[in-house]
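Engineer: Using the sequences and the hints, build the whole thing.
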Amino acid sequence: MGEDAPSQTPGEARAPVLVRLPPHLVVLFPDAEPRVALQAGSVAEMVAALDRRWPGMRARICDETPAIRRHVNVFVDGRRARLSTALAPGADVFIITAISGG
Amino acid sequence: MAQQVFILVGTRKGAFILESDGARRDWTLRGPFCETWPTHHVVADPASGTLYAGGGNEWFGPAVWKSTDFGASWTHSSEGLAFEAGQTPVKAVWSLAVGADGRLYAGVEPAGLFVSADGGESWSHVEGLQNHPTRPEWNPGGAGLILHSLVLDPADTNKIWVGISAAGVFATEDGGASWEPRNRGTRADFLPEGQNYPEFGQCVHCLVRAPGGGARLYQQNHCGMYRSDDGGRRWESIEQGLPSSFGFPAAVHPRDPDSLFLIPLNGDIKGRFMPGGNTAVWRTRDGGANWQAGRAGLPQGDAYFNVLRQAMATDTLEPAGVYFGTNAGALYGSIDEGDTWTCLAPYLPTITSVETLVMER
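Chains as they are written, first to last, in our numbering: chain A, 1 to 102; chain B, 1 to 361.
Keep in mind the hints are simulated off the structure, nothing from the lab.
Treat the numbers as computed from the prediction; the structure is a model and nothing was measured.
Every residue, glycine too, gets a C-beta built ideally from N, C-alpha and C.
Among the clues, some could well be false.
[To be verified] Computed beta-carbon distance windows for the label pairs:
id, chain 1, residue 1, chain 2, residue 2, range
1, B, Ser122, A, Ala37, 26 to 36 Å
2, A, Arg80, B, Ala72, 33 to 43 Å
3, A, Phe75, B, Thr75, 27 to 37 Å
4, B, Asp286, A, Pro55, 52 to 62 Å
5, B, Thr75, A, Asp92, 27 to 37 Å
[To be verified] To be clear about the criterion: a stretch of chain A counts as covered by chain B if any three or more of its residues have a C-beta under 8 Å from a C-beta of chain B, and this derived list gives those stretches:
id, region
6, 25–36
7, 57–69
Structural biologist: Encoded structure:
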């Protein structure tokens, strides 16, 4: 198992996290939205929730390590995060494509 | 019956499609498709006309794109297109092939083979290839450890040949469960003297299968051009008469197993241009015994481009069309089997692959 393995902390009734998706990820899924509010207690749970909403999105954000892809960055409340990073209620999440990948 | 001819072009910035009628004189260009993802290979299922494009995006990983309306709309998937957890992740799809049974195969970087039984919606790893005992010793070529050539047998769906840079040619006759190297007779000039004919580790550049139902294969290697008449068990050099032993693509004639098209370059350490900056596609009509250069209509002098390994193809018409795309983004076509050439699209991105589809309407 990779060091970036997801935590399994169950989400509880709490303020949703707000996730911003990069435009070139949004265009890959016909009905995706650039801003989405969802319930998640960790980045891994957030990715799973995105994948439930738009099947296949997890594979665009994560590889099979499992880890966030090398040229994708996830920022939580302004700090770079990993799959295991916990999300506080109401957390502000940005998924950003790194300039190194372009 | 009217014919519709498509040239499927993979580029570093998406897929493009050129379309014409059976005369092949007036072409319309559409694209870019696949959200301008780097696209290594675009192929068609000739039975259905479904298009598949394989590639990989530095941000979002590998995917196979699919269009059932000749490119008007595309979807993508990579479900199952992953090695086991903890392994080096799949970076990109490099090659695609549609089997006679409708199954779709994908070769990836790092070298591995996947199969889809549902038209590219989901994928399974053909683990037998990676389980080969030589796997830990496979070394990457200049473009990475890539499975770039994927050859299927239309008469026996259990037979598959793959070309891996730089592990060489491997073949299975049991649908992918077990594999054996098939490189006997091909050189590895880059190894120490006396070790130039290893069992595996050759730098195959392109592997193609001759038509006609026989066991003939051709390959362009980093170190020579070769023909095999026994499914790759033994290879014979056919480079005599060519201006060099180095090149990337190879394309077979749609009906004549003795005809082959190659694009020799000036060697691997001199810029990898066509000799003298003169563009030429070389053709044999006798299995590699004799070669003729086709130059009419192609740039002569000061032409410093090359043609990548998957960027030449033929169509199925009579006479056969031949098409190639350059790393400088120009697509050329011949409708007289390589005698004369026309530039069909001068300003595409770097062309990584060329394939064709002919539909009867």
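Engineer: Determine for every hint whether it applies to the structure shown.
Structural biologist: Taking the hints in turn, this is what the structure says about them:
Between Ser122(B) and Ala37(A) the CB atoms are about 30 Å apart, so this pair conforms to the stated range of 26 to 36 Å. Hint check: Arg80(A) to Ala72(B), Cβ distance near 40 Å, so the stated range 33 to 43 Å holds. Hint check: Phe75(A) to Thr75(B), Cβ distance near 29 Å, so the stated range 27 to 37 Å holds. Restraint check, Asp286(B) to Pro55(A): a C-beta distance of roughly 53 Å satisfies the suggested window 52 to 62 Å.
For Thr75(B) and Asp92(A), the hinted distance range of 27 to 37 Å is satisfied, since their beta carbons lie about 31 Å from each other. Judged by the Cβ-Cβ criterion of 8 Å, the region 25–36 of chain A is covered by chain B as claimed, because 3 of its residues qualify and three suffice. With 8 residues carrying a beta carbon less than 8 Å from a beta carbon of chain B, the region 57–69 of chain A meets the three-residue requirement, and the given coverage holds.
Comparing the model with each numbered hint stated earlier shows that all of them hold.
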